[in-house]
Amino acid sequence: MFITETEIAVRYAETDKMGVVYHANYLIWCEVARTDFIEKAGFKYADMEAEGIISPVININLNYKQSVTYPEKVIVRSWIESYSKLRTVYGYEILNASGAVVADGTSTHVLLKKGSDRPIRLDRHFPEWHVKYMELYEQ
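Going by my numbering, the letters in the sequence shown line up with residues 1 to 139, in that order.
In short, the hints are calculated from the structure, not lab data.
Not one of these hints is a red herring.
Only pairs whose alpha carbons sit at most 30 Å apart, straight line, appear in this in silico DSS-like list of lysine-lysine:
(1) K40 - K85
(2) K132 - K113
(3) K40 - K65
(4) K113 - K85
(5) K132 - K85
(6) K114 - K132
(7) K44 - K113
(8) K40 - K113
Construct the complete structure from the given sequences, taking the supplied hints into account.
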């Protein structure tokens, strides 16, 4: 399985008065890791958007296991949990400096033409991306 790792330094602005990271910031970290995953797979999300295609989140699930505090660093692992021509589910694990999983989860994405709400197929609009995702998912 192709798994990427993205290091994130906890910023003070991401914490509450006790120095604990606010839960919504974990979602941002997953998005940063997903974009990094796409780039490490050889593509750029910005190129997709330049062609009028967006990839919104249609579902997200995160399980919080342990708090993260400022000024820790975390590693976000990301991979393709499942893939079809219409939807991609990315998996995530967020690890603290000692390697403990502090959160895990998934996000589900589809492709849409900007201004539309009908999903489109990755293989028809970005065939190279589809072939690579099939390869990465089957590893």
